[in-house]
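A.B. asks: One letter stands for each residue in the lines below.
There are 4 protein chains.
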Amino acid sequence: MKRSVDFGDDRPRAVSLLEPALRYPGNPILTAAQVNAVWQQPHLQVVTVHNAGVAVCGGETVMLFRSHLRCGISVIGMARSDNGLTDWRIAPRPFLKPAVSGDAIAPGLSLDEIAAMEAGGVEDARINPIDNTFAITYSAYAAGVPNRVRVMLAVSDDLTSATRFGPVMHRDMRNVVLFPQRVGGRYAGLFRPNDELPGDTGGLFQQIRIGYADDYRTGPWEISEKPLMGTHGSPSAFANKIGPCAPPLRTKHGWLNLFHGVRSTMDGNPYVLGVALHDLDRPENVWMSSIPVLFPSQADCRVAESEYVHVPNVVFSCAMLRRPDGVLLIYYGGNDTVMNVAVSHEDVLAELCHRYGQDPNTGRLLYQI
Amino acid sequence: MKRSVDFGDDRPRAVSLLEPALRYPGNPILTAAQVNAVWQQPHLQVVTVHNAGVAVCGGETVMLFRSHLRCGISVIGMARSDNGLTDWRIAPRPFLKPAVSGDAIAPGLSLDEIAAMEAGGVEDARINPIDNTFAITYSAYAAGVPNRVRVMLAVSDDLTSATRFGPVMHRDMRNVVLFPQRVGGRYAGLFRPNDELPGDTGGLFQQIRIGYADDYRTGPWEISEKPLMGTHGSPSAFANKIGPCAPPLRTKHGWLNLFHGVRSTMDGNPYVLGVALHDLDRPENVWMSSIPVLFPSQADCRVAESEYVHVPNVVFSCAMLRRPDGVLLIYYGGNDTVMNVAVSHEDVLAELCHRYGQDPNTGRLLYQI
Amino acid sequence: MKRSVDFGDDRPRAVSLLEPALRYPGNPILTAAQVNAVWQQPHLQVVTVHNAGVAVCGGETVMLFRSHLRCGISVIGMARSDNGLTDWRIAPRPFLKPAVSGDAIAPGLSLDEIAAMEAGGVEDARINPIDNTFAITYSAYAAGVPNRVRVMLAVSDDLTSATRFGPVMHRDMRNVVLFPQRVGGRYAGLFRPNDELPGDTGGLFQQIRIGYADDYRTGPWEISEKPLMGTHGSPSAFANKIGPCAPPLRTKHGWLNLFHGVRSTMDGNPYVLGVALHDLDRPENVWMSSIPVLFPSQADCRVAESEYVHVPNVVFSCAMLRRPDGVLLIYYGGNDTVMNVAVSHEDVLAELCHRYGQDPNTGRLLYQI
Amino acid sequence: MKRSVDFGDDRPRAVSLLEPALRYPGNPILTAAQVNAVWQQPHLQVVTVHNAGVAVCGGETVMLFRSHLRCGISVIGMARSDNGLTDWRIAPRPFLKPAVSGDAIAPGLSLDEIAAMEAGGVEDARINPIDNTFAITYSAYAAGVPNRVRVMLAVSDDLTSATRFGPVMHRDMRNVVLFPQRVGGRYAGLFRPNDELPGDTGGLFQQIRIGYADDYRTGPWEISEKPLMGTHGSPSAFANKIGPCAPPLRTKHGWLNLFHGVRSTMDGNPYVLGVALHDLDRPENVWMSSIPVLFPSQADCRVAESEYVHVPNVVFSCAMLRRPDGVLLIYYGGNDTVMNVAVSHEDVLAELCHRYGQDPNTGRLLYQI
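Protein chains in written order, with numbering that gives the first Met the number 0: chain F, 0 to 368; chain C, 0 to 368; chain E, 0 to 368; chain A, 0 to 368.
It is worth saying that the hints were derived from the structure and are not from the lab.
Predicted, not measured: the structure shown is a model, and the values here were computed from it.
Be aware that one or more of the hints could be misleading.
[Stated by the list, open to error] If you want the footprint, here are the derived chain F segments under chain E, 3+ residues with CB under 8 Å:
id : region
1  : 40-46
2  : 69-78
3  : 86-99
4  : 113-121
5  : 131-143
Note that CB positions come from ideal geometry on N, CA and C, so glycine has one too.
Bound conformation, chain F alone (with noise of 0.2 Å):
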């Protein structure tokens, strides 16, 4: 299977099963450096540029990234372009930034309570699409209580402001993406707990959970206690972490998921983007692609000689857009340091999810290899 793809260059490249995302030559395609030429104020000048959630708003490409303050806080850029790959108009200040007096809420909540949770820092938003409006979520520190995070919502009608809805749930967790629609009645979304704490070292990551509820501002979420996907003891690029990256994106062959997996090795602990797709029905139907959309590589993080590389080995995506004729581009972050992009299609990565899956509770190949 090939599916014609492009970057809007009228250079169609082709994207296959083999070879299911391919970079896009000019990345990075924002970094630190651009960001600060838009930002004028002191305390927005950033050292990081990555993970980014991206939508589509009024004829433009919407990218919320994350940013590193000097201060070391993360806040949540926005970047407006025309075609989604160049000439980015950084918006002149933060979308999302540690919520602070003035800030929009949704009735009935604490904006106090909600700034106590986000205080350490906002980071990694996705974009979900939802009920015409989107709901934004992204992980928040307290401050003060190391690697205290909680996922959090804030919904925008157009992109240019948000309201927030406080946590999702009152848990450890990070890489929540909702579902773009309603699943059987209720609304959906994937949820990635921090598990226990062993001490302060920031939870397991080794399952992707489904979640329910009635309405998706306010919740309550049911977490389903059966994990959706996980890590396991055996050979696989996904053995050692696990949890969503962009939301889920309907498509004719249903939900598609694309996710994040790490497999330690002796030299390192590379980060590659995983894919799943679910029924749009029961999206506890899950066919998990046992092949990777995408490794790290030199080409992931093109710096200068002088700056920083914050962690080496690392593609991290927030988000994935859809073109009508299913053309996806792949927004990732390099080495947490500079956003990329690649592009892929949606029939190649159900393809993926179909033919090469693995049982997403045993890590077991559902295929023949």
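Since the structure of chain F is already known, use the hints to place chains C, E and A on it.
C.D. replies: Relative to chain F, chains C, E and A alone:
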């Protein structure tokens, strides 16, 4: 002692006790990119090519190479070459992969049990020519149980297909090679038990043992209690790990046994290739060369800057071919990443063993330095 | 806010809250080779030049730099320059070194006791201008007792010689800086206790405290129980270590306090320079900028390939000079190996503190990101 | 103080207390490749050449270098040069290797016992000229017992053959050097006991002791309880390890003792060369220079990219030659990989000791910095 050797290119070179193996200038001879050009199925795209078993069959050189699939599981592919060096024709599908329904197995065996043993991947095949057929021994990892590894047997007449005979022993082990004919009326092999598992480390790897069976296909194998060769506390190139590499080769000098050894240093754990000679009639009588055949170097892993190198400082072999004139081709993986070849001669290696041996049980040199 | 600054070279540049410090293009400004060309006595040949205190005296800029002698002990050398940037005239002998007979000490002190305290070397001098003289605070290591370190005081009118006043406190400590004049009728200083020694690790380094004395030369210093500033568990550029750098500078905005902080990462422990502003009358009132003034980079340690780099990823300062127009010269060591300089402006740094502060006791940001 | 020195090339250079040793521009002077070109026996091919003892004998400079054989055991080879710098004529076989039948031993000794002590290799020979003969002290490792090491003695009149006299002491030890003549009527040597073995770490290496014997060939050696020199807890270039290097050289200034020291840092464990001077009549009277003679640099291990470097950041010497004019040639291994030479002068080294000493027992400097 010098012997003229060549790579079939009309450029005779000399190997000697001083330089017992010469690297092929065209190394590497097989890479992941070459395999990927042939294995056009997504689940068969690979990230490494290394540790190949090799045999001559039907006028061709047949290589059974190990590759990490993208999913993280290893399979065993096949490539054929007229000259054993260049123009490798890679078979369109793996030769051995975790067993699945339809795979040929010997009567009386449970395919399900074998499949369970192999579900985590098959690795490091040796092609043992025996009784006018090929006994292929390979390591198989279970799924879900870290480091549960069995050495499995498959038999093939023509190296186009194979029939499985299941685990050689029900014990964690790697690196089993078989003698090409009966010894003293029984079949014989070399074994590297993984010893007791301290937690989950994968064993100690400090001994090579010999075993016998009336039927190499069905066993049972009786493994000697006494190690045939071992590591020792003294300074040695094999001081910290040891195990068989290529199947023993019958020569006029005795059985040639190419093995590997590791000497831990403050700067790494270099793997070298060593050689031992076993009495044709009583292989317990062993002359183990204290001198390695090959040390690792940067020339053993020529890759592009953007490519991964799995394990630095490693040469590892699963195959050594003998030409009628006694010339030996040593096929070896470099850094668990690419396949290389070096040339040697049986007279030279045998001489190394006879003249420059070390006591296989104590490590003491058997010659006067 | 922008301020025009220059390096005295008629090339005005702008510093701002976005880029509060600009590196001198001619860095490094002093190296071991330069010192060795002057210190023509064997025991004075050095292997590093770093962490210099600096003051203006008699129309010259005087630098008291730290150097590791070849014997491993640190001494404090002096260099003078007309412009504070180039053409450093290195004094032929160290200005401060472990005390010996003949050194000037204040009445009533025991030179033997002081000599014992300093026998392991003197390090990281600060030149604190006070009462029309210079109070030099420096760290002194005892010989024979690992990590026994005292901060010592020496006083000099002209920076050509100094009189010792012994240990500021009888407690393991580093990085003591004094305010240039009395505050509330008493002398004041900033202290970084080394806390309790867990075995021999050298302390925790997590707090800056303020202390007062009626006589800065004799003490006794009363150190606040309550930390003035501290590290915290939240994300921050100063999350893991903190301590004073340059002596507080009096500005119209308050006391400018250049300090250092460390944030441990999975890829190293970068030292950054931070800044705080203290109320002129009540320095307990502190505005601590959450934004560092300078991050380490490769440009901070330009050495030849054959030269040693002592500690990668470090910028560390003991001095900041103020010109009448408020321009600041920040003298800082790069990687504990060479001396560099950067330029800033008091209005910019004060503004950083006022507008972009963090609670010095909790680490919480005091502004809306 | 300056002294004119040269490498016999009519290019006089100056050494001084500032630069007590000058590297030979043609370093390295001997490499593994050169030895391999001569040692045409397989068991004698080597992977390193370092830590050579050197003496003048019969108008030639004789070097007894250490090499790792490929088998991992070290032997001691010989090379001769007319000028001590170039055109080394490597003897066709090792001069010393683990003892075997036929080796000359002194009457009354058991060759079997000596052979057992040396079976793991012989290392780091010193050529001690004494009583018109050469007493060669070298380290010998037992086989099978990790880190069991004895210093052995062999005596040679002409450095073409030697007679073994067995272990200097029955105690784990390295780096024994002998004084070239009797002192106070008895023979004298410097010893570096390995102390108690904590498990298998090889000892502490923190003291140099002096010993006396009526017969240097038979002992028994009476070793002082009191260390002659030691490491200490204070900052020092020899703070963490210490041991003799070259045999003491008689000069008009006293016995010149070239030793090595290690100062552990957060960036490695650099080995430096130090020097001490001992009273001719009472060598317990020692002036230990606090200033090293040579620090390691990249210039000390010039190897091709494909070659191994055994231990980075090391200069180590076993030999220092004196010309009648007091010029000293310091032969030293670089990174345990190649042999280098530097030039110095006895007046300069003696002056270092006299003027810039440290108390050998406490580490305290004996001069005013």
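A.B. asks: Within the assertion that chain E covers the region 86-99 of chain F, do at least three residues meet a Cβ-to-Cβ distance smaller than 8 Å?
C.D. replies: holds (count 4)
A.B. asks: Within the assertion that chain E covers the region 113-121 of chain F, do at least three residues meet a Cβ-to-Cβ distance smaller than 8 Å?
C.D. replies: With 3 residues closer than 8 Å to chain E, the region 113-121 of chain F meets the three-residue bar; holds.
A.B. asks: If you look at each residue in the region 131-143 of chain F, do at least three have a Cβ nearer than 8 Å to any Cβ of chain E?
C.D. replies: holds (count 4)
A.B. asks: Count the residues of the region 40-46 of chain F whose Cβ falls closer than 8 Å to any Cβ of chain E, and tell me whether that reaches three.
C.D. replies: Held - the region 40-46 of chain F has 6 residues with a Cβ nearer than 8 Å to chain E, which meets the minimum of three.
A.B. asks: At least three residues with a C-beta closer than 8 Å to a C-beta of chain E: is that true for the region 69-78 of chain F?
C.D. replies: n = 6 at 8 Å, threshold three: holds.
Consistency with the previously given hints is maintained throughout, with no hint failing.
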